[in-house]
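Undergrad: When you get a sec, could you build the whole thing from the sequences and use the hints?
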Amino acid sequence: MPDAGYVAAGYLATAAALGGYLLRLRVRARRARGRAAALAGRPARPARR
Amino acid sequence: MKRSERMMARLTGRRGERVLAVAALGGLAASAVLSLLVAPPDALQGEVQRLMYVHVPAAWLAYLSFAVVFVASAAYLLTSRSRWDRLAAASAEVGVLFTALTIVLGALWGKPVWGTWWTWDPRLTTTAVLLLIYLAYLALRQVADSPRRRARWSAVLGVVGFVDVPIVHMSVVWWRSLHQPPTVLRPGAPTIAGSMLTALLVAVAAFTLAWAYLITVRLRVGRLEERAATEALSARTGRVPSDGQLPPVVGVQGRAGSDA
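Chains as they are written, first to last, in my numbering: chain E, 1 to 49; chain A, 1001 to 1260.
Take these hints with a grain of salt, some might be off.
As the list claims (entries may be wrong) - Sample of chain A residues lacking proximity to chain E, with all beta carbon distances greater than 12 Å (derived): (1) A1067; (2) L1105; (3) G1106; (4) P1122; (5) R1148; (6) R1149; (7) R1150; (8) D1164; (9) M1170; (10) Q1180; (11) I1192; (12) L1233.
Said to hold, decoys possible - Among chain A residues calculated to face chain E with C-beta under 10 Å, some are: (13) L1044; (14) G1046; (15) A1058; (16) V1094; (17) A1100; (18) V1113.
To be verified - Computed beta-carbon distance windows for the label pairs: (19) A:L1197 - E:A40: 48 to 56 Å; (20) A:T1208 - E:A16: 13 to 21 Å; (21) E:G20 - A:A1029: 17 to 25 Å; (22) E:A8 - A:A1139: 13 to 21 Å.
Hints listed in this document are in silico derivations from the structure and should not be mistaken for laboratory results. The beta carbon of each residue, even a glycine, is placed where N, CA and C say it ideally should be.
TA: Dropping the structure here:
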C-alpha cells in the first residue's frame, strides 16, 4: 500500500483536530467557571466609607 | 419557556451532551471500520481514496456550520437575543475547524493523486477564501469593545460571509476545475459504488453527531463566559443586564464604552 501514509496522516489529523478542540473547550469552560465563581464571591460594589 | 426552548435546553443540557458524546464516539468508530476495512479501494486512486470518507464529511460540516451562522446571525439582527449571538459564535468556531480540516485532508489527498499539495484551482481558492472570511469573523469578535456592538457587527459579517458557501459548492460546475464535480449532491443518481456510498453516508452521519456534540459543548462554554462577563460587570457597576440581552459594555478584560 504505497499511499497508506497519507491515509494514516489524514485520519490522525482528524482525530487530533477534533480531540484537541474538545480539550481546549474543556479548559475554557473550567476557566470561565472559576472566573465567574471568583467574581460572584466579591461584593457587588466597593463599600463606601 | 416555549416548547422549542425546552427542547433546546434538554438537548444542550449535560445529559443530552453525554448522549451525543456516546453516539458520536460510536458513530465515528463504526465509520472508521467501514471506511478503512470494509469499503474497497478505488480502482484508479487506490487506498488514498479512503481520505474521502473524512474529507467529504468535514466539507459538509463546514457548509452546515456556516449555514447555522447565517441563520443565527439573521435571527440576532431581528431579535437582539444573546442566545443567537452565542449560537453564531459557536458555529463559526466549529466551522473554521472543519474548513481547515477539509483543506488539510484535501492536500493530503492531492499530493499522491494530483502530484501537488496545493494548486490555485477554483474550488481550493474559494475554500481558502471561506476560511479567511470566518477567521475574520472570529477576529472581529475579539476586537469590538462592546458585547452588543460585537454581536451586531459579527452578525452582519455572518450574513454577508455566507455568500461564499454556494460559490464554493458550485465552483466545480461554474469554472474549469481540477477538483472532481459533485458525486452525491447532484442532479440524478450518485456516481459512486454502493459500498463506498454506504461508508460515506455513515461517515457523514457520524461526523454530524460529532459536530452536534462540539456545538453543544461550545454553547455551554459561551454561556459560562457570558456569565463571567456579567458577574464582572455587576461587580464593577452594580448593573445587571436584562434577561437574554447582552451587556452594553465589556465586563472582564475589555474597555468600558458606550454602545453605538
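Undergrad: Would the non-interface assignment of A:D1164 survive a Cβ cutoff of 12 Å against chain E?
TA: holds, 22 Å
Undergrad: Check the non-interface label on A:P1122: least C-beta distance to chain E beyond 12 Å or not.
TA: holds, 23 Å
Undergrad: Hint A:L1044 vs chain E: min CB-CB distance below 10 Å?
TA: Where the cut-off is 10 Å and the nearest Cβ of chain E is about 12 Å from A:L1044, the hint is violated.
Undergrad: Does the claim that A:Q1180 lies off the interface hold, with its Cβ farther than 12 Å from every Cβ of chain E?
TA: Since the minimum Cβ distance to chain E is about 17 Å, A:Q1180 lies beyond 12 Å and the statement holds.
Undergrad: Decide, holds or violated, for the assertion that all CB atoms of chain E are farther than 12 Å from the CB of A:L1105.
TA: Not fine: 5 Å to the nearest Cβ puts A:L1105 too close to chain E.
Undergrad: For the hint on A:A1100, just tell me whether its beta-carbon gets within less than 10 Å of chain E.
TA: Nearest chain E Cβ about 7 Å off; hint holds.
Undergrad: Grab the minimum beta-carbon distance between A:G1106 and chain E and tell me whether it stays above 12 Å.
TA: violated, 10 Å
Undergrad: Holds or violated: the hint that A:V1094 contacts chain E, with Cβ atoms closer than 10 Å.
TA: Holds, because the Cβ-Cβ distance from A:V1094 to chain E comes to roughly 8 Å (cut-off 10 Å).
Undergrad: Find the nearest Cβ of chain E to the Cβ of A:R1149 and say whether that gap is larger than 12 Å.
TA: The assertion about A:R1149 holds, with a minimum of 21 Å to chain E.
Undergrad: Measuring from beta carbon to beta carbon, are A:T1208 and E:A16 in 13 to 21 Å?
TA: holds, 20 Å
Undergrad: Holds or violated: is the Cβ of A:G1046 closer than 10 Å to a Cβ in chain E?
TA: holds, 6 Å
Undergrad: Return the status of the interface hint for A:A1058: holds when the least beta-carbon distance to chain E is below 10 Å, violated otherwise.
TA: Nearest chain E Cβ about 7 Å off; hint holds.
The structure shown violates the earlier hints numbered 2, 3, 12, 13, 22.
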